[in-house]
Amino acid sequence: MNQTISFFSGFNVNDFWFLGEAALRTLWISALSVTIGTVLGGFFGWMLYEGRLWATLTLAPVLDIFRSVPLIIQLVLFYNFAPIVGLDLDPFGSGTVILTIYTAALVANVARGGIEAVGKPMRRAARSLGMSYWQDMRYVVLPIGGRAVFPAWVGVALGVMKDSALVSVLGYVELLKASQILITRTQEPFLILSIAGAFYFALSFPISRYAAQLEKRWAQ
Amino acid sequence: MIEISGLEKYFGALQVLKGIDLNVQKGEVLSVIGASGSGKSTLLYCINGLEPIQKGSVVVDGTDVHAKGTDINKLRQKLGMVFQQWNSFPHLTALENVALAPRIVKGKSKAEAKEIAEKQLKHVGLEDKLNVFPNALSGGQQQRLAIARALAMEPTYMLFDEATSALDPELVGEVLDTMRLLAEEGMTMICVTHEMGFARDVSDRVAFFHKGVMEEIGPPAQIFGQAESENTRKFLANVR
Ligand SMILES: Nc1ncnc2c1ncn2[C@@H]1O[C@H](COP(=O)(O)OP(=O)(O)OP(=O)(O)O)[C@@H](O)[C@H]1O
Ligand SMILES: [Mg+2]
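Protein chains in written order, with the working numbering: chain A, 1 to 220; chain B, 1001 to 1240.
I should point out that these hints are in silico values taken from the structure, not numbers from a laboratory.
We put the beta carbon where it would ideally sit given N, CA and C, even for glycine.
Careful, some of the hints might be misleading.
Stated by the list, open to error - Derived CB-CB ranges, DEER-like: (1) Thr56(A) to Leu1130(B): 38 to 46 Å; (2) Asp64(A) to Glu1230(B): 53 to 61 Å; (3) Lys120(A) to Tyr1010(B): 12 to 20 Å; (4) Leu53(A) to Gly1019(B): 29 to 37 Å; (5) Gly1037(B) to Lys120(A): 49 to 57 Å; (6) Trp17(A) to Glu1115(B): 51 to 59 Å.
Said to hold, decoys possible - Covered by chain B, per the in silico footprint, the following chain A stretches (three or more residues, Cβ under 8 Å): (7) 112 to 125; (8) 134 to 140.
To be verified - Residues from chain A shown here face chain B by an in silico Cβ test under 10 Å; the list is partial: (9) Leu129; (10) Gly130; (11) Met131; (12) Pro143; (13) Ile144; (14) Arg147; (15) Thr186; (16) Phe190; (17) Gln220.
This is chain B alone, in the form it adopts within the complex (with noise of 0.2 Å):
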């Protein structure tokens, strides 16, 4: 579980994160909407520790992320992370780029980290690209293999900002699919995204972030139907 408590985030003097309580069950898929610059990418980057916080706490199964003490590289493994930008490895094939991390953070052998490569490529329909590098595939291929290779540390939670936002409009059904392909397997999820569609369909809850408060969560039949907040309202139909 994530227990995310009176959380706040400046850069510099900016207040981008003012006090966010919000938990995330095991099996959960929490969407996260909200305008452009309220906060929703700096959330995640506080949940897996790649941005510090000045405020506040969060706890992933127990551990305090930001604690002085905590091995946050043991920590992440367990934290997946997809970014809008897929920044594959352009060095490295698609087998390897999905097999680096078992490999040298995990120390998998060789024969075990190609393993767990193959099956995740397979997972995500990228089975007949193993030897190809990546400017070989397209946009949404290398998200998909962006997802295999955060799938391959075998984590409990997928964090996912905006995973389809740098796509092609005709590449972000497969992105999604293979998205709802992972929430159907059961798997954790803290989506930020702009599909509405996404948001309303696989969603367990809704948050609404506005100007770095979370305004509003809930069912996304509360969300899309009847939200409570004003800002929640405009924000939905202008995005529609």
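One chain only, chain A, in its complex shape (with noise of 0.2 Å):
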């Protein structure tokens, strides 16, 4: 057979080598997204919960607003703004800001939800044994709450690593980036697409899988 054009090439192992190290890179972003938005999210929701009046004057709007405009748009225009106000940050670093502001901003109503599903009476149960306000969140609220939307927050996770594809119009080359820049070059649009959501797949599943299992225990 003739290799008519030698700008476009087959599929080869390395290709795959590249596909998987891409993965690792949407994993990373995601992993780190999602675990520092878990935090931020988790202070959020608390204050959501208990400040109240302020709180819903200006924390929640700005939360909606992160929660409402398509990722694709706060990435660009965080891409690209931020230098203007002095912030010099590479595709990665923009990328992780937004992902872990969108996460913290769907955390956020999670925990906050979270909270409320302790009911009062139990946390005055635990405040009549001499628990101190933390004490209670820590040992009651957190255990009992964060077990109840545990799954609220695992779609969360696995929703954020999949937006996080969206990084890629930075030019950060994760998971979905790589497949686009080996079909320009395979001209083979199918096959990578299928590979790369297979990795999607395997990053996905047995997080959800887990999940599922430590949810069953603690059904018990």
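Two independent chains are provided; combine them into the complex using the hints.
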């Protein structure tokens, strides 16, 4: 068989590793954003629950914006405007910042729901034993509320991992960007997108399985 | 001793307690009876500081519960409370439910806390349920677990807020028996209750609450025999 144009070439093993490496970058940026975003979101959720008036007036609308404006717009806007305010961030940095805030905005609601899920009587019982506000939070609200909203949180985490594909528009070579590069070269979109899809699945399946197992154990 | 004087409590504009004066001596068992909404639960919440008060004072062993500088978390260790809804911690075993507060509030070691928990669970007859999660316990067992959990802090006083009202009738007895046992051991108790039999047999005094006022207080024989207040007689005629 004649290779007509050398610019295009078939999919080979190296490309598979290239995708694998990109999948690790997807995992890395997602894990980082979800971790920091969860901590931040937990804090925001607590403020929404506890802060009442001022949090409702200030924090809630801001979080609403980050939840409702499409992520791709946030990414492009932030990437292009950050330098203006003196933030010199590479695509990875910009992507992480936006994904983190986006995660935090989603987790804030989940966290507030978790605190609300622990009823007032339960918390009074904890306080009546002499627990301080923070002991009640740490030993009663966190485990009980956390378990109640754990499935919702897993949904957020997996969603953010999929949405991290959008960081590709900034040029960060994660799974989707890597696929695009390979498609341009090999002209085999079907094969490559299938492999990329399989990678996404391979990243999220163990997480959702592990989560399901945890839930089952807690349900006992 | 618990000294309540001139206690007034509002929820917004609604006055729920209208000047309560009441002393409870060490070793005494006081039952509090009265119609729904008369302020019985609120009284207990004001005693251990779960609800703020607007006027008057509650003094426990010389410490003003509602004073600014009071370490309320410390004071609450003296005041065990059992609620209508038992509120077991669902993520912890029976043993852990009881051991948690001694460990984190009193700073006991794991081993000490476990020992305390085992002792108190035995006390309420749950020694064979140590490693069981609350959702595998009956309502009566969960309420006894709640009692053990409160006792584990070694309180001087126990406050019971309708401890048996949420229970199926066949489970009421085991919880009342546990409360009787505590009374016999000399525990100081304030029991808000609808169980007139318990109030009559176990209490040293019975207080009747009516619309935020303590209408009458006295020995069970007086309250159940020759109540002075018309309202008391009416209430008792209706519950019988
Ligand atoms: N957190 C609250 N906010 C507003 N009103 C309240 C609150 N808690 C209680 N109340 C009101 O205070 C009044 C007294 O309530 P409380 O629970 O002390 O009554 P109770 O004597 O314990 O009645 P029950 O036998 O039904 O338990 C009621 O009218 C109730 O509606
Ligand atoms: Mg009540």
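We went through each hint and held it up to the structure:
1. Judged by the Cβ atoms, the range 38 to 46 Å given for Thr56(A) and Leu1130(B) holds: they are separated by roughly 45 Å.
2. Between Asp64(A) and Glu1230(B) the CB atoms are about 58 Å apart, so this pair conforms to the stated range of 53 to 61 Å.
3. In this structure the hint that Lys120(A) and Tyr1010(B) lie 12 to 20 Å apart at CB holds, the actual value being about 19 Å.
4. A hinted range of 29 to 37 Å holds for the C-beta pair Leu53(A) and Gly1019(B), which are about 33 Å apart.
5. The supplied range of 49 to 57 Å is broken by Gly1037(B) and Lys120(A), whose beta-carbon atoms lie about 18 Å from each other.
6. Between Trp17(A) and Glu1115(B), the C-beta spacing of about 58 Å keeps the proposed range 51 to 59 Å intact.
7. Look at the stretch 112 to 125 of chain A against chain B: 4 of its residues bring a Cβ nearer than 8 Å to a Cβ of that chain, three or more, so the hint holds.
8. Evaluation of the coverage hint for the stretch 134 to 140 of chain A: fulfilled, as 3 residues show C-beta separations to chain B shorter than 8 Å, against a requirement of three.
9. At a threshold of 10 Å, the smallest CB-CB gap from Leu129(A) to chain B is about 4 Å, leaving the interface hint in force.
10. Among the interface hints, the one on Gly130(A) holds; its C-beta lies about 4 Å from the nearest C-beta in chain B, closer than the 10 Å criterion.
11. The beta carbon of Met131(A) comes within 6 Å of a beta carbon in chain B, closer than 10 Å, and the hint placing it at the interface holds.
12. At its closest, the beta carbon of Pro143(A) sits 5 Å from a beta carbon of chain B; the interface hint therefore holds under the 10 Å criterion.
13. A hinted interface residue such as Ile144(A) counts as satisfied when its beta carbon comes closer than 10 Å to some beta carbon of chain B; here the least separation is about 6 Å, so the hint holds.
14. Here the hint on Arg147(A) is kept, as its CB sits about 7 Å from the closest CB of chain B, short of 10 Å.
15. This hint is violated: Thr186(A) has a C-beta 52 Å from the nearest C-beta of chain B, more than the 10 Å allowed.
16. Hint on Phe190(A) is violated. Least Cβ distance to chain B is approximately 48 Å, over the 10 Å limit.
17. Against a cut-off of 10 Å between C-beta atoms, the interface hint on Gln220(A) holds, since the closest Cβ of chain B lies about 7 Å away.
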